[in-house]
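Asker: Modelling step: build the complete structure from the supplied sequences, incorporating the hints.
Number of protein chains: 2
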Amino acid sequence: MITVEQAGQIIQSQTRDFGVEEVFYENSLQRVLAETLFADRDLPPFNRATVDGIALHFEDYKNGLRSFKIKATQAAGEIPVAIDARGACVELMTGAALDESVDTVIRYEDLDLSDGSATIKDVEVKRSQNIHFRGKDKKQYDKMAGAGEVISPALIGLAASIGKTRLQVKKLPRVAILSTGDEMVPPHTVPTAFQLRRSNGVTLKAVLESYRIDAEVFHLNDDSALIESVLSRCLDAYDVLLMSGGVSMGKFDYVPQVLEGLGVVQLFHKIKQRPGKPFWFGARDGRQLVFAFPGNPVSVWMCLHRYFIPWLEASLEIRSRAPEYAVLQNDIYFPHSLQFFVQVKLEMNDRGMLTALAAETNGSGDFSNLVYTDAFMELPLEKNEFKKGEVYPVWRYR
Amino acid sequence: MITVEQAGQIIQSQTRDFGVEEVFYENSLQRVLAETLFADRDLPPFNRATVDGIALHFEDYKNGLRSFKIKATQAAGEIPVAIDARGACVELMTGAALDESVDTVIRYEDLDLSDGSATIKDVEVKRSQNIHFRGKDKKQYDKMAGAGEVISPALIGLAASIGKTRLQVKKLPRVAILSTGDEMVPPHTVPTAFQLRRSNGVTLKAVLESYRIDAEVFHLNDDSALIESVLSRCLDAYDVLLMSGGVSMGKFDYVPQVLEGLGVVQLFHKIKQRPGKPFWFGARDGRQLVFAFPGNPVSVWMCLHRYFIPWLEASLEIRSRAPEYAVLQNDIYFPHSLQFFVQVKLEMNDRGMLTALAAETNGSGDFSNLVYTDAFMELPLEKNEFKKGEVYPVWRYR
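Residue numbers (the UniProt record's numbering), protein chains in the order written: chain A, 1 to 398; chain B, 1 to 398.
Certain hints may be false.
Calculated lysine-lysine pairs in the DSS-like style (CA-CA distance at most 27 Å, straight line) [unchecked claim]:
no., chain 1, residue 1, chain 2, residue 2
1, B, K121, A, K272
2, A, K388, B, K136
3, B, K69, A, K251
4, A, K126, A, K136
5, B, K69, B, K121
6, B, K62, B, K126
7, B, K71, B, K121
8, A, K345, B, K139
9, A, K126, B, K270
10, B, K143, B, K171
11, A, K387, B, K136
12, B, K136, A, K277
13, A, K126, B, K272
14, A, K383, A, K277
15, A, K136, B, K387
Computed Cβ-Cβ distance ranges for the label pairs, DEER-style [said to hold, decoys possible]:
no., chain 1, residue 1, chain 2, residue 2, range
16, A, S101, B, E317, 56 to 64 Å
17, B, R287, A, L113, 34 to 42 Å
18, A, I2, B, H336, 57 to 65 Å
19, A, D350, B, R398, 18 to 26 Å
20, A, F18, B, S210, 20 to 28 Å
21, A, K171, B, S210, 19 to 27 Å
22, A, A193, B, K62, 24 to 32 Å
23, B, D214, A, G116, 46 to 54 Å
Far from chain B, some chain A residues (derived; all Cβ distances over 10 Å) [what the hints assert, rightly or not]:
no., residue
24, Q12
25, H57
26, S67
27, V230
28, A283
29, K387
Honestly, the hints are just simulated from the structure, not real lab data. No residue lacks a Cβ here, since even glycine has one placed at the ideal position from N, Cα and C.
Answerer: Right, dumping it as C-alpha cells:
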C-alpha cells in the first residue's frame, strides 16, 4: 500500500492541459485567467482631483494670494480648463483632470465662495495636495493581473477598467460523476430498511460548480455488463471520471477489473489512510483519468479535497495557494498505521491563530459532521497520539 | 460625522425579512437554509458491515471455532441473512445490514476461503468489530442542520441522504446597482483622455452572485431629472439600491437631494473612515434601503464588505461568523483622524498564525491592488501609528 504522499505525487504527475478559450468578461467569474492583463494607459490616466473644490497655481498662494476668481467650472470627464491670469482658479469636481497650469487643489470645506470668487480659509495649503497623479498606481503596459488567477469580482472590475471585455481563460475538463451500488436509491424515493439514498453524485457535482464545471451525474447498479457499457461510453466522452463505490474487496466490486478491461491502467489502488483507503486511480492512453473513490461519503469527500481538487487546480494552472495550518484543540489517539484525516471545526482566536477542534476522534467518519466542520486535519502517519497544542496542516472544504 | 461603529449599528438596525421560499435541493447551492433538517431515521439505519468478509456469532469464536460454513452471500441493500446453526456464517459486502443472529464481522484479509467455508487466520477478533451500529451517528428525529446555514455541497448531500428534495430557503432581496458619472464610459468603448471606463457595476453584481442574487445594473449620467426618474422607478421595483458616485460635495452630486425628494430619509451621510468617507445611507417607509457609496472603486469595495455584506447576511439570518484577526507585518503611519481600512495580503505561517502584509500604507486606494490583496485590515481610529506585530481585525474579500 502506498502512502498519502506517494499517492499525491502519482496524481500530480498526471495533470492535463485542456487548452484555452475566450469568454465575455461578465461571464468569466471563477474561471481561470490564461493571459496577462496590462494597463492600457497610465493609471490614473491624468492628474486627477481627489476632492470637490478649486484648482490653482501654488505660486499664487505662496506669494500671499488668498482670494481667487473662478474662471470656469469643470466636471469630471470634461476637457481641462487652463488658467492664464494670476489670481484665477478653476472650480472642479472629484475626478476632473487638471490642466498643466494648475498644481494644487483645495476642497470646498476650506473655502468661502461668493460672487464668483473663492477665498481660502485660515488653513495650511501644500503644493500638489488633493491630486492623484497620472501613472501613480500603474504605468501604461504595466502588468495588472497574471495567468493563473481565479477570476474574482475585483478582477472583473479591473478588466472592465482597462477595456478588456474578452478574456482568455483555461478550458475546463469534461467530467462524469458515477456512483455505484444496488443499495443506493434515488433521494426522492423511500428506501427499504436496508437501502440508503444516493448523495455522493450531487455532492461532487456541487463542489465542481465552484470551478464552473458542469458535470454529468450517473448511477450504476452492481451489474458488470452495465458498468462496462457505461464506463466505455464515458471514457470516450469525458476527460475525467469521478466514481464512488465498487472499489473494495467485495464480490460485487467490479469497477477495477472493468476499468482495466477497458484499457484504463491502474496507477495505484489503496492508500495508507483513513478514511478513503480503497481509492483506485488509473489513466487510459495518457489521456482520460479515473478517480475511483470508495463509496462512503466521508471517504469521497476526503479524497476529493486531498487529491482531486489539487489535481484540478494544477491542471488549470491556478496559482498555487500556501498550505494552511491550525493548532489542534484536543488530544487524539488513533492506533492504526494509517494516515488519519480528522474532520475539524476551524476557529480563529483574537491573536490571529487558527485553531482546530476535532469533531470526532475515532475515525468512523460520520458524514453528517461535514455540514458543521470546515476542514480535514492531516495527522502524521508516524504517530498514534496527537496532543492539544500541536500544529498540523488542514485541507479546508468550506 | 459618525464613526464606523455607529454607521455599522445604524445599518444593522435596518435589517429586512424577505420571507421564505421552497427550492429543489439540487438548485439550492449557496442559498440560506430556512428550516431545520432532521434525520428521517436512525443513521446508519441498520447495523452495517464496514468491510467485505463474513459475519458470525462471536460466542462461536469465543468457544474456539475457527472454521465457518458460508450459509449465503449477502450484498448491500439485501434483506439480512440469519444464521441458525452453530459454526455458520454469512458472507457479506460493505454496507450490508446485519441480522440479529450475527454480531461480529471479519474482513477477507483475515480469512482463508475454500469449499464454501471461511477459516479465520491467526488474528485477534473482537466482539462487534467492523460494524457501524444503527443510530451511532444520529437518531431518528435528531437535528442534522439548522436554519441559517449557507447551503454547501455537503449540505446538499445531507439533504439527499434524508430524502429532503425540497428545501425552505430565505428569499433574496431584489437589488438594483446604479453607478453615476458623466465621465464613466462603457468598458467596450475607448475613453477620451479625461474619461474612465465603468467598473463598479459589474464588480458589485459579481459579488452578489455568490449569494445567488441576480442584480440589475444601471448607469446614470449626471442629470438630475434623469437620476430622479430612474431612482423613482427603482425604488418601486427593488428592495435595495446599491449606488456608486454622486454623494460628495460636488455641484453635480445630485444623489442625496434627489433621494430625499423621493422620500428616502437619510440615516447618515459621511463616516470617519478612509476610504469611503462620503457614504450616504437612507431608507424609504421603513422598507427600501439605499446604500449610496462614493464612486472610487476602492471605496465601493470597502463599503460593500464592511457594511452591505454584514447587513445582507443579517437580513438573510445567516449564522454569524466569528470575526477574523491577523498580525500586521509592517509599520503604518496614518496621520488623519479617520479609521483607516488598509488593503492587506493574508498569509498563514506554519504555526497557524494569520499574517497581514499591507499593500500600501498611504491610504490612496489603488484599486488594481484589490486583485492581489485578500482583506481590509481595520486599524483603530484612536491611533495614528500601527506597528509590525500588532493584531487587528480583517474583513476578508477573497
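Asker: If you test the structure against every hint from before, which numbers come out violated?
Answerer: Checked against the structure, no hint fails, so every one of them is satisfied.
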